[in-house]
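Protein sequence lines, in the order shown, are assigned to chains A and B. In case it helps, numbering that gives the first Met the number 0 puts the first sequence at residues 0 to 412. In case it helps, numbering that gives the first Met the number 0 puts the second sequence at residues 0 to 261.
No wet-lab data here; the hints were simulated from the structure. Treat each hint with caution, since some may be false.
As the list claims (entries may be wrong) - Some chain B residues flagged as far from chain A (calculated, every beta-carbon gap over 12 Å): (1) Arg106; (2) Leu170; (3) Arg179; (4) Gly215; (5) Gly221; (6) Leu224; (7) Ala230; (8) Phe247.
To be verified - Using C-beta positions, here's what the derived DEER-type ranges look like: (9) Ala46/B <-> Glu171/A: 40 to 48 Å; (10) Arg159/B <-> His181/A: 26 to 34 Å; (11) Ala301/A <-> Glu2/B: 43 to 51 Å; (12) Leu107/B <-> Gly247/A: 30 to 38 Å.
As the structure is a prediction and not an experimental result, all values here were calculated from the model. For every residue, glycine included, the Cβ atom is placed at its ideal position computed from N, Cα and C.
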Amino acid sequence: MTLTLVGLSHRGTPVAVRERAFVPLPQAGELATSLAVEGEAVCLSTCNRTELYVVGEDAERRALAVLESISGLAGDELRAVVYRLADEAAALHLFRVAAGLDSLVPGEGEILGQVRAAFEEGATGPVLDRLFRQALHAGKKVRAETAIAESPASVSSAAAALAQQVFGRLDECRVLLVGAGHVAELAARSLAARGASIAFVANRSPQRAAELASAFAGEGIGLDRAAAVLGEVDVVLSSTGSPGWVLGREEVDGALRDRKGRPLFLIDLAVPRDLDPAIHELDACYLYDIDDLESVVAASLAGRRREAARAEAIVAEEAESFREWQASREVVPAIASLRAWAEEIRAGELARVRGRLGLSEAQEEAVESITAQIVNKLLHPPTVRLKEAAAGADGGGYAEAVRHLFDLRDPDD
Amino acid sequence: MAEYLFGFAFLAYAAAAIAYAADARRPGPAGRIATWGVRLGWLLQTALLVEEAARANGFPWSTWAGSLNLFVWLVVSVYLVWGCRTRYRLLGLAVMPVAAGLLVVARLGGGIGGGSTSSYSTTFLVVHVGLLSFAFAAFTLAAALSGLYLWQERRLKSRRPAALLGRAPSLLTLETLTSRTIAVALPALTAGIVAGLVRLRDQGASVDALMAVTLGTWAVYGSYLVLRYEAGWHGRRAAYLALVGFAFVVVARLGLQVSHFS
Numbered sequence: 000m001t002l003t004l005v006g007l008s009h010r011g012t013p014v015a016v017r018e019r020a021f022v023p024l025p026q027a028g029e030l031a032t033s034l035a036v037e038g039e040a041v042c043l044s045t046c047n048r049t050e051l052y053v054v055g056e057d058a059e060r061r062a063l064a065v066l067e068s069i070s071g072l073a074g075d076e077l078r079a080v081v082y083r084l085a086d087e088a089a090a091l092h093l094f095r096v097a098a099g100l101d102s103l104v105p106g107e108g109e110i111l112g113q114v115r116a117a118f119e120e121g122a123t124g125p126v127l128d129r130l131f132r133q134a135l136h137a138g139k140k141v142r143a144e145t146a147i148a149e150s151p152a153s154v155s156s157a158a159a160a161l162a163q164q165v166f167g168r169l170d171e172c173r174v175l176l177v178g179a180g181h182v183a184e185l186a187a188r189s190l191a192a193r194g195a196s197i198a199f200v201a202n203r204s205p206q207r208a209a210e211l212a213s214a215f216a217g218e219g220i221g222l223d224r225a226a227a228v229l230g231e232v233d234v235v236l237s238s239t240g241s242p243g244w245v246l247g248r249e250e251v252d253g254a255l256r257d258r259k260g261r262p263l264f265l266i267d268l269a270v271p272r273d274l275d276p277a278i279h280e281l282d283a284c285y286l287y288d289i290d291d292l293e294s295v296v297a298a299s300l301a302g303r304r305r306e307a308a309r310a311e312a313i314v315a316e317e318a319e320s321f322r323e324w325q326a327s328r329e330v331v332p333a334i335a336s337l338r339a340w341a342e343e344i345r346a347g348e349l350a351r352v353r354g355r356l357g358l359s360e361a362q363e364e365a366v367e368s369i370t371a372q373i374v375n376k377l378l379h380p381p382t383v384r385l386k387e388a389a390a391g392a393d394g395g396g397y398a399e400a401v402r403h404l405f406d407l408r409d410p411d412d
Numbered sequence: 000m001a002e003y004l005f006g007f008a009f010l011a012y013a014a015a016a017i018a019y020a021a022d023a024r025r026p027g028p029a030g031r032i033a034t035w036g037v038r039l040g041w042l043l044q045t046a047l048l049v050e051e052a053a054r055a056n057g058f059p060w061s062t063w064a065g066s067l068n069l070f071v072w073l074v075v076s077v078y079l080v081w082g083c084r085t086r087y088r089l090l091g092l093a094v095m096p097v098a099a100g101l102l103v104v105a106r107l108g109g110g111i112g113g114g115s116t117s118s119y120s121t122t123f124l125v126v127h128v129g130l131l132s133f134a135f136a137a138f139t140l141a142a143a144l145s146g147l148y149l150w151q152e153r154r155l156k157s158r159r160p161a162a163l164l165g166r167a168p169s170l171l172t173l174e175t176l177t178s179r180t181i182a183v184a185l186p187a188l189t190a191g192i193v194a195g196l197v198r199l200r201d202q203g204a205s206v207d208a209l210m211a212v213t214l215g216t217w218a219v220y221g222s223y224l225v226l227r228y229e230a231g232w233h234g235r236r237a238a239y240l241a242l243v244g245f246a247f248v249v250v251a252r253l254g255l256q257v258s259h260f261s
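Make the full structure from the sequences, and use the hints.
Here is the structure:
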């Protein structure tokens with residue numbers, strides 16, 4: 000049966016349509032079950048795509064009808080944004096998606112978990128089970144064998160990645176957040192997601208500092224106390240609207256004496272800058288401003304795009320392997336029918352002459368064995384040829400020829 | 000047999016060194032080839048040492064080249080404890096070319112042929128040569144870690160975007176591993192020195208220049224541990240001190256040929 004993919008994604012579909020077409024995970028499972036009537040279906044829905052993978056009769060028409068109903072688009076409007084792929088092309092597409100090659104940021108890691116979740120919620124059978132397992136394998140392989148997912152893709156993740164280059168695991172790192180705005184909060188969340196604890200939030204408004212600090216189980220302090228707690232933290236993340244330096248070289252230098260050489264990592268996300276650039280000259284102090292982080296991200300994205308070429312090769316290899324498996328499925332019923340037909344003749348002929356020959360038990364066993372061997376030897380070359388043909392592109396034609404020549408029916412018929 | 004084992008061990012180490020270089024340029028399958036090269040080379044060198052010991056009916060490390068062979072094996076052994084992890088592949092780039100090179104030096108110096116029974120007692124060889132070689136191997140690793148620390152520190156200070164990407168151990172990890180390696184090696188060095196001094200006293204000999212260098216090595220690494228754990232030395236200062244200690248190790252290893260094996 001044909002594998003069909005019908006979907007829409009960030010490539011060509013505006014966010015207003017994508018958000019209408021988005022299906023939350025539990026509903027995606029229900030949708031897959033309703034689509035998989037006498038077949039298989041998986042609904043993969045993220046903020047960037049909604050895709051329906053269906054195996055079964057009339058799959059494309061049914062999938063389009065579902066997309067039409069959830070996206071609110073109809074007719075030509077839907078056809079203009081939707082893509083329809085079958086078999087090998089559908090498999091290659093899913094493998095690229097799982098590898099992060101179809102994402103906005105090449106190699107982003109979240110999609111692999113989303114593919115897994117969609118697979119687990121889906122109504123799968125032999126084809127989609129194999130397809131999604133192989134897609135997950137391809138996604139992991141790409142991340143293991145290329146550097147596509149290693150470098151940061153946003154300013155906040157670049158800051159966290161650089162902090163990890165200094166401290167390794169961030170579990171034991173304490174962070175001082177200077178400023179309580181949205182930018183600082185986002186960067187703090189990125190650090191917290193990697194295990195760092197937000198120990199202090201310093202802000203001009205102590206009330207806002209306390210509010211944000213409570214979200215991270217930290218302590219809110221006034222901006223004037225920021226220098227006083229430098230000895231107690233490992234990372235300083237600053238993003239205020241202050242027109243001058245919030246922390247100067249002398250203040251940091253004073254705090255370093257208590258740190259006994261333990262590194263201090265400072266991130267300045269503010270424009271104009273909050274932290275005196277001369278701090279970077281101090282021993283064991285590493286200060287990065289927004290320009291530094293943005294150039295890290297730019298270099299990182301360029302690196303990801305270079306790695307994408309290697310990832311494409313891995314994905315193509317996996318898609319070819321899936322194609323071979325799918326092709327072999329076409330000939331397996333023909334081989335099974337051929338063998339069943341031969342066995343039926345062998346057993347029938349033996350039964351017909353057994354009474355006339357008057358053989359002993361041992362002789363009967365020998366005849367059973369020898370006839371089975373003859374049948375196996377006769378069927379071995381066509382079986383091998385059929386499997387070889389399946390690995391190529393003409394497995395279906397060979398299978399049909401065998402069925403025609405030997406007047407076979409499928410074993411399930 | 001020894002020639003084959005040496006040849007294959009050298010090839011495995013050299014292949015690992017080349018693969019580490021390829022991995023540093025472009026991370027990927029070369030890193031895994033390097034890791035397996037180190038493991039395979041280590042197994043082959045282990046077999047080489049066992050074969051030599053069997054032929055010599057004891058420990059064939061009483062020559063300078065023989066002890067160098069053992070030293071290389073110990074360096075790779077210590078490296079294998081954690082060095083094959085992905086993040087430490089840069090360390091492999093520092094260690095494996097040196098290991099392959101020193102193995103060739105040991106071969107040229109006759110340290111592979113072995114076969115002669117040692118003039119020293121087995122117990123003395125194990126305690127003195129074994130422990131000192133182990134300590135020196137660990138100090139070599141500590142020096143490579145310190146070198147990597149200084150390199151990583153410089154990258155972070157440079158703030159060049161391309162330099163900030165890529166796989167390297169963190170500064171704190173490198174610092175911790177260096178101090179732990181030295182903390183494990185120093186007791187071995189101490190025990191090895193004590194064994195040597197006891198033998199020296201029994202023979203009524205006096206302390207020579209090499210022994211003075213070895214005692215100097217002990218003093219530098221002892222200071223390192225005191226300053227690191229008592230005075231809270233971190234960062235570049237500690238890394239430079241570990242490298243000073245390694246300079247003593249190099250002098251001691253080179254001096255071995257002149258004073259003990261000439």
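A quick look at each hint next to the structure:
1. Taking the minimum C-beta to C-beta distance to chain A, about 36 Å, the non-interface status of Arg106/B holds against the 12 Å cut.
2. Not every CB of chain A lies more than 12 Å from the CB of Leu170/B, the least distance being 5 Å, so the non-interface label is violated.
3. Every Cβ of chain A is farther than 12 Å from the Cβ of Arg179/B; the closest lies at roughly 14 Å, confirming the non-interface assignment.
4. No Cβ of chain A comes within 12 Å of the Cβ of Gly215/B; the nearest lies about 25 Å off, and the non-interface call holds.
5. Once the 12 Å rule is applied to beta carbons, Gly221/B is consistent with being away from chain A; the minimum gap is 19 Å.
6. For Leu224/B, the non-interface assignment is confirmed: its Cβ lies about 15 Å from the closest Cβ of chain A, beyond the 12 Å cut-off.
7. With a least CB separation of 8 Å from chain A, Ala230/B falls inside the 12 Å interface cut-off, contrary to its annotation.
8. No beta-carbon of chain A comes within 12 Å of the beta-carbon of Phe247/B; the shortest separation is about 23 Å.
9. Remark: the range hint 40 to 48 Å for Ala46/B to Glu171/A is upheld by a beta-carbon distance near 43 Å.
10. In this structure, Arg159/B and His181/A meet the distance hint of 26 to 34 Å, their C-beta atoms being roughly 29 Å apart.
11. Ala301/A and Glu2/B have their C-beta atoms about 49 Å apart, which keeps the hinted 43 to 51 Å range intact.
12. For Leu107/B paired with Gly247/A, a C-beta distance near 60 Å fails the hint of 30 to 38 Å.
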